[in-house]
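Protein chains: 2
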Amino acid sequence: MATGAANRVTVRIMGEDYVLKGKASPEQVQKVGRHVDTVMNEIRQANPSLSTTQVAILAAVNLAADLFRLKEDYEELLALLQDEEAQTTRSEKP
Amino acid sequence: MATGAANRVTVRIMGEDYVLKGKASPEQVQKVGRHVDTVMNEIRQANPSLSTTQVAILAAVNLAADLFRLKEDYEELLALLQDEEAQTTRSEKP
Chain H
10 MATGAANRVT VRIMGEDYVL KGKASPEQVQ KVGRHVDTVM NEIRQANPSL
60 STTQVAILAA VNLAADLFRL KEDYEELLAL LQDEEAQTTR SEKP
Chain R
10 MATGAANRVT VRIMGEDYVL KGKASPEQVQ KVGRHVDTVM NEIRQANPSL
60 STTQVAILAA VNLAADLFRL KEDYEELLAL LQDEEAQTTR SEKP
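Listed in order, the protein sequences are those of chains H and R. Each residue of the first sequence is one higher than the last, beginning at 10 in my numbering. Each residue of the second sequence is one higher than the last, beginning at 10 in my numbering.
The set of hints was computed from the structure by calculation and includes no laboratory data. You may find that some hints are simply not true.
To be verified - Examples of chain H residues toward chain R, derived with CB under 7 angstroms:
1) 61
2) 73
3) 77
4) 90
Predicted, not measured: the structure shown is a model, and the values here were computed from it. Backbone N, C-alpha and C define an ideal beta-carbon position, used for all residues, glycine too.
All chains should be modelled from the sequences, with the hints used to inform the complete structure.
Set out below in structure tokens:
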């Protein structure tokens, strides 16, 4: 599916168009853009007095916090999998 | 460690202070804030003509893309773990 060449995809965030380049599929880039737009709209609705810059920075903070939490979950799961594999190896070679 | 009460933590991003509220520890919130500041500075250095709003939105897009990629990795790992568990169960009850 990946061609190696960078795709150029236009996404609309907070009423402005952004041309994004990357190796991800256009569908994936649109999905990312829609998610950012949703997060920013939620922040703006909860805090109507914030500037667009402040809303965007808070959106970035929320997304970074989600990313860090998921990284912790990923590492926990990786440790569990390594435990399982160690147990499987032991049961295969008793 | 978690007290249940929301912490208020001040983080400095692109030269401006943001007071963030949440249940995460102040250290975790500072780490998130530093990461956002780093990502924004990298984008600004690569694209000096962008406005701070555009830099913040592109930072949010990059972080959302990282989050989606990690979600896929997490789901793959979860499927692997479920496979391992199914094999372990089979080998325990032959």
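Hint-by-hint comparison with the structure:
no.	hint	in the structure
1	61	holds, 5 angstroms
2	73	holds, 5 angstroms
3	77	holds, 6 angstroms
4	90	holds, 5 angstroms
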